[in-house]
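Each residue of the sequence shown is one higher than the one before, starting from 3 at the first, in my numbering.
Think of the hints as simulated: they come from the structure by calculation, not from any bench.
Each hint should be verified, as a subset may be incorrect.
[To be verified] Derived DSS-like pairs (lysine-lysine); straight-line CA-CA distance at most 27 Å:
| # | residue 1 | residue 2 |
| --- | --- | --- |
| 1 | Lys499 | Lys324 |
| 2 | Lys630 | Lys651 |
| 3 | Lys499 | Lys615 |
| 4 | Lys66 | Lys257 |
| 5 | Lys198 | Lys297 |
| 6 | Lys463 | Lys489 |
| 7 | Lys156 | Lys66 |
| 8 | Lys707 | Lys615 |
[Stated by the list, open to error] Across the chosen pairs, the derived CB separations fall in these ranges:
| # | residue 1 | residue 2 | range |
| --- | --- | --- | --- |
| 9 | Gly541 | Met137 | 40 to 46 Å |
| 10 | Pro924 | Asp1005 | 19 to 25 Å |
| 11 | Ile539 | Asp63 | 26 to 32 Å |
| 12 | Asp149 | Gly294 | 28 to 34 Å |
| 13 | Val881 | Ala652 | 26 to 32 Å |
| 14 | Ser138 | Ile539 | 37 to 43 Å |
The C-beta atom is built at its ideal place from N, Cα and C for all residues, glycine as well.
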Amino acid sequence: MKSSLRQARKFSIRFTVGSMFLIATMMTALVAISLQYHFGKAMSQEQVMSKLTLASADVSDYVKEIELSASNSARILKSVAMATENKFTQQEIQTLITEVLEDNPMFYSIYYGKENEDFYQIINLNSSPIVREKMSATENERWVVMDIRGEGIKRTRVTRYYDVNRAVTRTIREPSRYLPTERPWYDAAQADRITKTEPYLFQHLKITGQTYSIRSSHSVIGIDIVLSAVASHMTPEAMGLSEGQGISAFLFNRKGEIIAESRQEQRDEQRMPAISPIALTAEQKEAIVAAGVLKVSNQLNWMPFDFSQSGEPRGYAVDLLKMIATMTGLQFEFTNGFSSAELKQRYHDGEVDILNAVFASESLNGLTSQPLFYLEPAVATLNRETNQSGHLISDVKARVGMVQGQNFALQKSSTEIRTYADLTLALNGLLQGEVGSVVHSYHSLKQRKESSLGRTIQLEKMPMAEKVPVFLYLNQTQPALLEVINKALSELSEAQKAWLAQKWLNHYRDYSFVPYSELLELAAQPDLHGEMNVVVIGGTTRYVYLVPINSNQEFLAVVVPEDVVMGQVMEQLWRSLAITIAAMVILLPTSWIFGSPIVRPISALIAQTRKIKQRRFDEVVPVETRIKEVSQLSQAMMDMVAEIKKHQKAQEEFVEAFIQLIAGAIDDKSPYTAGHCNRVPELGLMLAKVAEECQEGKFKAFKFKNNAERREFRIAAWLHDCGKITTPEHVVDKGSKLEANYNRIHEIRTRFEVLWRDAEIEYLNRLIAGSAPKEHADAQLVQRREKLQEEFAFIARCNVGGEFMQQEAIERIEQIAAQTWLRHFDDRLGLSPLEESRLTTPSAPLPAIEPLLVDRVDHIIERDRPMQFDAKYGINIDVPEHLYNLGEIYNLSIRAGTLTREDRFKINEHMISGIKMLESLPFPEELARVPRYASTHHETLKGTGYPRKLSADQLSIPERILVIADIFEALTAADRPYKKAKPLSVAVDIMYKMALDEHLDMDLFLLFLKSGTYLEYAQIFLPEKQIDSVDINKYINATLAA
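Could you build all of it, start to finish, from the sequences and the hints given here?
Structural data, given as structure tokens:
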């Protein structure tokens, strides 16, 4: 007994431990992976920082080595030159310099320039790949020697290429306008110390670099360093990091100006629009060729319009001239490294051909171009205090700083103005309190504010009365060239102007300064130097390592994407996760075993629910299990099944009752259609059963899957005419053409007309008694009466609609209708308001002549609103213009039947009503096709039916069965007031013709005949006198012969 109780005992689901095993394992694995991620992240950061520390030290040492080597080499060369002045041969000088270059591979070149403008330079082709590329040197060439001598037009440059054995490989001679005394390195050189220039554009190579120079007795010795050599030490590969990972390195000064960089990400720069050459005259082309290479000024720091970055010309005006060069063929050579004042002086001295991007000035001689561009917004101020700003210069109360030669004050002002040589000095004066505001171009100040000025400095626009134009000055001897430049400026497209504005006025910081302001903020915080800083830049997390170079004057910053630092950590993390998942997969069988006590009964319950879903309620059985909760769930499921069965039965009874309700409503409304609604389902089910039993032809595969589908078809047959509940009785029951829902006042009026005429006749008879021969009057009266009798009989036959109306009959109706009679009573009396609203013409004066038959305007009844169908019903039916047309001639002229086009549509409209009614009902899944089956019995195989005009391939077999059932019942029904019932043979013959015309399925019609379904139905529902002999073989044979 105890054993029996133990077996009956149930366990709670909480005692099952399979899932707890999996959860515990997963939690342990997650803790282990989290710890691995934490320590791995720290190790990865330390590893990357270690590499960057070594790399920054390498860059710093390299820069220091360059400066030390260049300084020492320049001093040694100076000492040697002074000690042995004019005692070395050219070959000995060349040997000495090449040995220095070999000992210092980072040097691009060593040269000297004399006071007499002689220039001698030796270039190390191995100093940088870009040097070899710019010099168009071959792989076996090692050195390039440039020797420039002569004066004026006889001044030439001799370029000799040497191989590794110092043998000449080729020599190039060409004119030169290069004067060493005009270069920045020559002007800046001192005799007592080494001078290092700011980055500038090397004249011959057109690449940027810096020069270390020292002055000797009659010459200046210079050593060039290509900045790309410094950048090569800043690449990810040089830092020990992988290529292609979005790593960027910047060497910049305190102002944020880039000295050297190594960027892997692409700058967000829109592609330059296509530039096409412009049409030029022959004289203009000759002037361009004769001009040769034109020297163009390039300012140091008027950003973003005309400036140099690391010696390379940049800015709006520079790109604009490059466009003009492409459009015209002009050759421009930019000269930089000088202040604005020095460039103007060189322009006056003829050493610069074009003074680019300057304001109009009376002190500048030469030809002025049309404006290159306008400053708009032109002017802005940088203020130390917000209350110092104003709309005009006169509004600013404190002393104002301005750049010399750039007079933005368009109005006379009493404000004290202090001028500076350049904008940098003016901003220093602002920061040091020398001035309260600085006035300059808006975009220049905006760039400086964003790059290097603190938040205490405020930028304010100053709306001006006029835009400020910027010009180009050209030597007075070149008027033809100015015409060419102005022509190119006038033909610049809007797309090209927009590209310049987009590049320099919206995104210029990408081209001149470090692209991230966060780097400048880090540079200003010494305690963060030499650390791996996590910084969010542009919404993306990045690691930034920043260290000072050269005593905090220059900084090296390396920006590393987060995935570079975390890549290895994440790789290890995913590897660990994969191993954990693999272990979990291996352990799954164990957890499956632990979960079996729950899984087995749950699976059995799922199997039982599938039976419920399929409505196989009688097959559902309880699930045996030792788990208490599952056992309770099984019992609850059994209770639910009982309730569902009960509910389903109630629903089925409800649907059947609803169908009977609709049929009863139609029966109450019109007894002529109720019999139809009862008989069509019977005939449809008869024919469907025969089709299911057919083992040949296209019906071999046709079968209802179950009783539910058969019930669905039966319900659809019952409801196929449910829409007729909305059809007016006077249309459905219309038995003659002139029958209508009619106001009898017209008939009463007609009777009064007759009485009126009787009175006249009696009166006239008394007057004419005996005045005319009686025989003659009698004959005329008889003839008239016979004609009236015959005409009325003809009209009466036409009214019945039993035969097809020929055109001759219609024409005779119109002739009879043309007879007139005299109306003495007002036809507007006794009308309803609705009838009065249809009378649009004034009443005729009495007595009025009326046609015997007439189509009047008030016979036409318009629609209250237009007929519109929702697209989801797929209705495709032609809608008559009017709701009804009661015209007497119009109705009598109906060619077949008694229904007008409007009457026919009103009856056909029952299909539309049926679709709307059935589609709105929430049929269960097993009755989902009821609306479709019930609404297609008026469709034809050739697409001319209604209401959707479906074609044969759109009609299923059940739908085609209902078409035959509906037509056959309608032809043989004896309870239709508008026609007589057809004998069986006539009905079959009509249906055969309809099958030939593709109104119904010929194969299904032949099955209807061969199976004897037509006769079986007739014997049940038709009277014996209607059942005659039908020769079905003639139809079968005729079909086979066809």
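Hints versus structure:
1. Lys499 with Lys324: holds (13 Å)
2. Lys630 with Lys651: At roughly 32 Å apart (the allowed maximum being 27 Å), lysine 651 and lysine 630 break the hint.
3. Lys499 with Lys615: violated (71 Å)
4. Lys66 with Lys257: Holds, because 21 Å separates the two Cα atoms, which is no more than 27 Å.
5. Lys198 with Lys297: Roughly 24 Å separates the two Cα atoms, so the pair holds.
6. Lys463 with Lys489: violated (33 Å)
7. Lys156 with Lys66: violated (42 Å)
8. Lys707 with Lys615: Holds, at roughly 17 Å.
9. Gly541 with Met137: 40 to 46 Å: Given a distance of about 44 Å, which is inside 40 to 46 Å, the answer is holds.
10. Pro924 with Asp1005: 19 to 25 Å: violated (36 Å)
11. Ile539 with Asp63: 26 to 32 Å: For aspartate 63 against isoleucine 539, whose Cβ atoms are near 28 Å apart, the range 26 to 32 Å holds.
12. Asp149 with Gly294: 28 to 34 Å: violated (21 Å)
13. Val881 with Ala652: 26 to 32 Å: violated (41 Å)
14. Ser138 with Ile539: 37 to 43 Å: holds (40 Å)
Of the hints listed earlier, those the structure fails to meet are numbers 2, 3, 6, 7, 10, 12 and 13, in rising order.
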